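Engineer: Residues per chain are reported as follows:
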Amino acid sequence: MNESINQVQTKYLNLNKTIVLESSKTLSNIKIAYETYGKLNENGDNAILICHALTGDAHAAGYHSKDDKKPGWWDTMIGPNKAFDTNKFFVICSNVLGGCKGTTGPASINPDTNKPYGHDFPVITIEDMVKVQKELIDYLNVKKLTVAGGSMGGMQAIEWTIKHPEYVKSAIIIAAAARVSAQGIAFNAVGRNAILQDPNFNNGNYYEGNHPEKGLAIARMVGHITYLSEQAMHNKFGRDFKQDKPNFDFGVDFEVESYLDYQGRIFVDRFDANSYLYITKALDYYDPIEKYGGLENAFNKTNAKFLIMTFDSDWLFSTESAKEIVNALIKKEKKVSFIELSSPCGHDAFLIEWEKQARIIKSFLKEE
Amino acid sequence: MSRTLNYKQVTRLVEEGSKVLDLGMGDGYLFKKLQTEKKITGIGIELNPDEVIKSVERGLNVIQGNIDEGLKQFADKSFDYAILNFTLQSTQKPDYVIDEMLRVSKKAIVAFPNFAYWRVRFYLFFKGKMPKSRALPYEWYNTPNIHLNTIEDFFEFCKSRNIRIVDSIYLAKKRARKGISKPLANFFSEEAIFVLTK
Numbered sequence: 001m002n003e004s005i006n007q008v009q010t011k012y013l014n015l016n017k018t019i020v021l022e023s024s025k026t027l028s029n030i031k032i033a034y035e036t037y038g039k040l041n042e043n044g045d046n047a048i049l050i051c052h053a054l055t056g057d058a059h060a061a062g063y064h065s066k067d068d069k070k071p072g073w074w075d076t077m078i079g080p081n082k083a084f085d086t087n088k089f090f091v092i093c094s095n096v097l098g099g100c101k102g103t104t105g106p107a108s109i110n111p112d113t114n115k116p117y118g119h120d121f122p123v124i125t126i127e128d129m130v131k132v133q134k135e136l137i138d139y140l141n142v143k144k145l146t147v148a149g150g151s152m153g154g155m156q157a158i159e160w161t162i163k164h165p166e167y168v169k170s171a172i173i174i175a176a177a178a179r180v181s182a183q184g185i186a187f188n189a190v191g192r193n194a195i196l197q198d199p200n201f202n203n204g205n206y207y208e209g210n211h212p213e214k215g216l217a218i219a220r221m222v223g224h225i226t227y228l229s230e231q232a233m234h235n236k237f238g239r240d241f242k243q244d245k246p247n248f249d250f251g252v253d254f255e256v257e258s259y260l261d262y263q264g265r266i267f268v269d270r271f272d273a274n275s276y277l278y279i280t281k282a283l284d285y286y287d288p289i290e291k292y293g294g295l296e297n298a299f300n301k302t303n304a305k306f307l308i309m310t311f312d313s314d315w316l317f318s319t320e321s322a323k324e325i326v327n328a329l330i331k332k333e334k335k336v337s338f339i340e341l342s343s344p345c346g347h348d349a350f351l352i353e354w355e356k357q358a359r360i361i362k363s364f365l366k367e368e
Numbered sequence: 369m370s371r372t373l374n375y376k377q378v379t380r381l382v383e384e385g386s387k388v389l390d391l392g393m394g395d396g397y398l399f400k401k402l403q404t405e406k407k408i409t410g411i412g413i414e415l416n417p418d419e420v421i422k423s424v425e426r427g428l429n430v431i432q433g434n435i436d437e438g439l440k441q442f443a444d445k446s447f448d449y450a451i452l453n454f455t456l457q458s459t460q461k462p463d464y465v466i467d468e469m470l471r472v473s474k475k476a477i478v479a480f481p482n483f484a485y486w487r488v489r490f491y492l493f494f495k496g497k498m499p500k501s502r503a504l505p506y507e508w509y510n511t512p513n514i515h516l517n518t519i520e521d522f523f524e525f526c527k528s529r530n531i532r533i534v535d536s537i538y539l540a541k542k543r544a545r546k547g548i549s550k551p552l553a554n555f556f557s558e559e560a561i562f563v564l565t566k
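Chains as they are written, first to last, in the working numbering: chain A, 1 to 368; chain B, 369 to 566.
Where hints are given, some of them may not hold.
To be verified - The list that follows gives simulated cross-link-like pairs (lysine-lysine, DSS-like), each with its CA atoms no further than 27 Å apart:
(1) Lys323(A) to Lys527(B)
(2) Lys331(A) to Lys445(B)
(3) Lys401(B) to Lys497(B)
(4) Lys406(B) to Lys169(A)
What the hints assert, rightly or not - Far from chain B, some chain A residues (derived; all Cβ distances over 10 Å):
(5) Lys66
(6) Asp67
(7) Thr86
(8) Pro111
(9) His119
(10) Val190
(11) Asn203
(12) Asn205
(13) Tyr206
(14) Gly209
(15) Val222
(16) Asp269
(17) Ile289
(18) Glu340
Since the hints were made in silico from the structure, they are not lab data.
In this text the structure is predicted, and so the values were computed from the model without any measurement.
For each residue, glycine too, the CB sits at the ideal point set by N, CA and C.
Produce the complete structure using the sequences and hints provided.
Structural biologist: Structure below.
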């Protein structure tokens, strides 16, 4: 059960076509970073597309080298005999458009100027991310697939069922909603402002100098507050001081401060501030309810079987908001199952509490 | 009391190819049986997440939820049957739940343990304690059965609300009886299954 996939490699696909974005701007020379695990069958219908969350990447499972300390971000779920069983399924994960983990994004070189795009990169949406994923799916000869994802990944899964109903046989949507709440947008706005106000930001053209690391770190700190429940924060840190007593200064005093500080600092080494701006904006913009005049209309054509899971302590993507999806699917008489799992971990639970999720997903996929 | 007889009788009541809403579907055993034997479609609701997982494992559509909060997500008469099998007695608002069932379905099937069963009466009469039986295995302090009732009570309830009882089956031991008088049924039945319309 705990066996991991052997060594894997991130592969790249260069698209030779121009993609028209939601904003009606265009983007050419898109490169897609992706990984695959398992084998596609002859009919091309045993594929599972894993959609990653805000700061994820294509490396979802296995190790890149023997010295790798950490496996891919969802290794608990993807592998031989795991929830997404690579003995049975052809599992695909790609970095999203606008990201900074190999797929074209604001840090990529703009072929027109031979410099990083910076803010010449067009604003992208969840729909655009899916558009690019569809190109990859076609390239891999996949005819039918399951789409699965948590948080922003869940939104991509929703978009797949709306946009490509003929391709999606089932969708697994975890800790997600059809749209971010006003509160969610507010927290993202604080994060973006921290980046935009960083003295190094330079209108997004910072690639030749110092990066807006302070701003990005603050954005990440805000993000982490939204990923935890009050209970989880209390359990993890309480009101403990780092050195048992107050320092009477404005340094990192409390354990919870230290945690956020650490999360901010390590994040800037692995993520691009512009990508953070673009992707959070895509997250905030996504709203199929508004776009289609209600979710029921949006789901009109889908025949997919849905599995929707939430966590009771997740306030960023609450059970209530996920139920909007469930109820729309019920109204349209679609196949849907819904489970609210209990966990103190907040939104983070979708990456932490994998055992129950694995059991549920495994049985959901068994019936295919 | 083994559930086998109950499942068999409920299955018998459901017409082939119907659309069914199973309230308090438990581990999904009955729904799966209906799917296999009566080619039904539909969905179930269950409160306990561990039971929900079992239904997912059976490949059923199941929504985790509390039926006491109503069935607002379902349109009027959108099911052929709404089934409430051995769940009535543990709902907070049995009257509201039955109203909602009759709103969303053409027919409601309600099965419950009969508290006027002679063994239950004798238990209370002779032992002077809250009755326990195969159908009612809990202690008074930990029972989920907060709204126990009798067949007589149920008839009265339906009459007062203009609910029509179109079919009734009475179960005791390993036998299912039909068409017996109300007092006899009330005394000799461990369990009753009613089909209701409004």
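Engineer: The structure should be examined with respect to each hint, and the outcome stated for every one.
Structural biologist: Hints versus structure:
Restraint check: the Cα-Cα separation between Lys323(A) and Lys527(B) comes to about 36 Å, which exceeds 27 Å; the hinted pair is violated. Taking the CA atoms of Lys331(A) and Lys445(B), the gap is near 12 Å; set against the 27 Å cutoff, the hint holds. Taken as a hint, the Lys401(B) and Lys497(B) pair is broken in the structure, with Cα atoms around 37 Å apart against an allowance of 27 Å. As the CA atoms of Lys406(B) and Lys169(A) are separated by approximately 25 Å, the hinted pair is consistent with the 27 Å bound.
Non-interface status of Lys66(A) relative to chain B is upheld: no Cβ of that chain comes within 10 Å, the nearest being about 37 Å off. Non-interface call for Asp67(A) relative to chain B: holds, since the shortest CB-CB distance, roughly 38 Å, exceeds 10 Å. Every Cβ of chain B is farther than 10 Å from the Cβ of Thr86(A); the closest lies at roughly 21 Å, confirming the non-interface assignment. With 10 Å as the threshold on Cβ separation, the claim that Pro111(A) sits away from chain B holds: the shortest Cβ distance comes to roughly 48 Å.
Distance to chain B confirms His119(A) as a non-interface residue, since its nearest Cβ pair spans about 44 Å, more than 10 Å. Even its closest Cβ contact with chain B, about 33 Å, leaves Val190(A) beyond 10 Å, as expected for a residue assigned away from the interface. Once the 10 Å rule is applied to beta carbons, Asn203(A) is consistent with being away from chain B; the minimum gap is 48 Å. Listed as a non-interface residue, Asn205(A) keeps its Cβ farther than 10 Å from every Cβ of chain B; the least gap is roughly 49 Å.
The Cβ of Tyr206(A) sits about 47 Å from the closest Cβ of chain B, beyond the 10 Å cut-off, so the non-interface label holds. Interface exclusion of Gly209(A) from chain B stands, the closest Cβ pair being 52 Å apart, more than 10 Å. No Cβ of chain B approaches the Cβ of Val222(A) within 10 Å, the least distance being about 31 Å, so the stated non-interface status holds. With a cut of 10 Å on Cβ distances, Asp269(A) stays outside the contact zone with chain B, its closest approach being about 39 Å.
With a closest Cβ-Cβ approach of about 16 Å to chain B, Ile289(A) is found to remain outside the 10 Å limit, as its non-interface label requires. Look at Glu340(A): its CB is around 5 Å from the nearest CB on chain B, not clear of 10 Å, so calling it non-interface is violated.
Going down the numbered hints, you'll see the structure goes against 1, 3, 18, while the others check out.
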